[in-house]
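Colleague: Fit chain B to the supplied structure of chain A, relying on the hints for placement.
Protein chains in written order, with my numbering: chain A, 4 to 292; chain B, 5 to 290.
None of the hints are false.
Result set (DSSO-like, lysine-lysine): computed pairs, CA atoms no more than 27 Å apart in a straight line:
1. B:273 to B:197
2. B:248 to B:51
3. A:236 to A:140
4. A:140 to B:248
5. A:236 to A:71
6. B:248 to A:71
7. A:236 to B:248
8. A:140 to A:71
9. B:51 to A:140
Chain B side only, calculated, beta carbon under 7 Å to chain A, not exhaustive:
10. 123
11. 124
12. 158
13. 244
14. 255
15. 262
16. 269
No lab work stands behind these hints, which were simulated from the structure alone.
Every value quoted in this text rests on a predicted model; they were computed, and no experiment measured them.
C-beta atoms are modelled at their ideal positions from N, C-alpha and C, and glycine is treated no differently.
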Amino acid sequence: MVTTSPTRRRAWVWPAWLQLSWSWRITWLYLIVILFLPLGALALKAAAVGPAQFWALATTPEALSTYKVSFGLSFVAAVLNGVFGLVIAWALVRCRFPGRRLLHALIDLPFALPTAVAGLALASLYSTNGWLGAPLKALFGIEVSFTWLGVAIAMVFISLPFVVRSVEPVLEALEIDQEEAAWCLGASPRQTLIKVVLPQLMPAILSGVAQGYSRAVGEYGSVVMISSNVPFKDLITPTLIIQKLEEYDFASATVIGMVMLVFSLVSLVVINGIQVWGRHWEANPTTNS
Amino acid sequence: MKRQLRSFKQSLGGVKASALVPLIAFIYVGLIIILPALQVVAGALAKGLQPFLDNFQSEELRSAVLLTLRCTLIAVPANTIFGLAAATAIARRQFPGKALMLSVIDLPFSISPVVVGLMLVLLYSPTNGLFGDVVNSLGWKIIFSWPGMALATIMVTFPFMAREVIPLLEEEGWDQEEAARTLGASNWQVFWKVTLPSVRWAVLYGLILTTARALGEFGAVSVVSGNIAGQTQTLPLFVEDAYKQYQTELAYGAALVLGGVAIVSLLLKLLVEQFLGGIKENEPFN
Chain A
4 MVTTSPTRRR AWVWPAWLQL SWSWRITWLY LIVILFLPLG ALALKAAAVG PAQFWALATT
64 PEALSTYKVS FGLSFVAAVL NGVFGLVIAW ALVRCRFPGR RLLHALIDLP FALPTAVAGL
124 ALASLYSTNG WLGAPLKALF GIEVSFTWLG VAIAMVFISL PFVVRSVEPV LEALEIDQEE
184 AAWCLGASPR QTLIKVVLPQ LMPAILSGVA QGYSRAVGEY GSVVMISSNV PFKDLITPTL
244 IIQKLEEYDF ASATVIGMVM LVFSLVSLVV INGIQVWGRH WEANPTTNS
Chain B
5 MKRQLRSFKQ SLGGVKASAL VPLIAFIYVG LIIILPALQV VAGALAKGLQ PFLDNFQSEE
65 LRSAVLLTLR CTLIAVPANT IFGLAAATAI ARRQFPGKAL MLSVIDLPFS ISPVVVGLML
125 VLLYSPTNGL FGDVVNSLGW KIIFSWPGMA LATIMVTFPF MAREVIPLLE EEGWDQEEAA
185 RTLGASNWQV FWKVTLPSVR WAVLYGLILT TARALGEFGA VSVVSGNIAG QTQTLPLFVE
245 DAYKQYQTEL AYGAALVLGG VAIVSLLLKL LVEQFLGGIK ENEPFN
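So here's chain A without its partners, still in its complex pose (with noise of 0.2 Å):
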């Protein structure tokens, strides 16, 4: 116990428990102040609505019509990607060819480029006067910019590396021992595949799916701007918060960032669950077949 005596003022002495090295004392005091107090901000706003309150606001038609687009075109979206990141990871492992570094540097852009930036790019480049929106929209009648397509390709990219740079490295480490062997032992190029090679990467392609999905129900900049953000149509959740937000609706934001917050924190549950099984399945293959 710290104990001042009424004569001499002690140096203060930091209790036991709060006897913190510099480095730790920096860290909790950054966490608390930059995440948890905001976190807690949210929480506390929103248990202040009230169970009947926050489910009503969370259900209203508008909101159920903007998870639709949100949590449905990010689906397909990342079901997209995890079959083209998955062609784009095995070219990029197994096959030599004239741009293989520049595909592979391509792949990081979507990390890198600002959001706003890459949404700009894809809403000129299908809007009906751009390179592809153009011919679409004369051949096909399709219009993509200010649409639902739009706004799934803008998810597409968002969510692109996270298939390829999951599966990239456990491909890379497969033993090509095991399909020699099933070569060897006359299994087709196609047994070889669906027995062989992508049970072993399913693990990695899941967990590459379930993040680009967990980024692309998130992401907000480039879908803003492709979007033509009408209720109904292709709103998308975080533009309804800016839009609550703006209509001084602070209760209905509140609802909804915390509906969000809380698919967060289940998705990372579950990403995280995915890499454990996949760690554990590299162990010990044999005890799932």
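Modeller: Same frame as chain A, now just chain B:
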């Protein structure tokens, strides 16, 4: 026989893949990444270099550049200090809850930037914030002003440094620090002369990622900024605003600047990756 085996290994699902797989990869990446990037370049330089350069006469664009730099110059050093502190505190100790702590540090990556901005509004807004009264009585202006935008930038970028430095420190182990301490070095000396040099490439890597993200952050900053042209508009917000106002050339010009910075940071990142890879490969011989 050998060639047969090799072609077998390259094939995907029975399709002769040696040319097809890269082709599909390039078409997909072309539609999603390459063509959009080229469209920005073409849009910005459509009328030649001079109109592009004239964009920078715009007072609003200049103030956006300055505000972006200000937020970045606050966020990057702050996050570097935190990242190094957290790494030295966490990396080489085993304690209950370590995995949880690492996930907590990674948390801002999984939260939507808009929700990050919302949290800051709910904390510091003078009318609706938890600390609204405190902020008011101190006479501060956080929301709709640059301190809030700097905070938002810090919040979305703070995991980068820690998550780059922690794994490297874990691999390095304690030996060198212990040797330095035995020789009488103080904690501070150990940190500056032993710990920091041993992770310098990871720190550089973290710096590149943090800076790139800080310069380009949109969602979180957008929520707290109020988006007042010439006052609380960063460069990414300027791009959106100009595009919405049909000032397409200005939007393309600003986007090209941001895109150029992104490409440079990408190249730097690849360069540093080579050094990091080199360190990792040489490790057994150290």
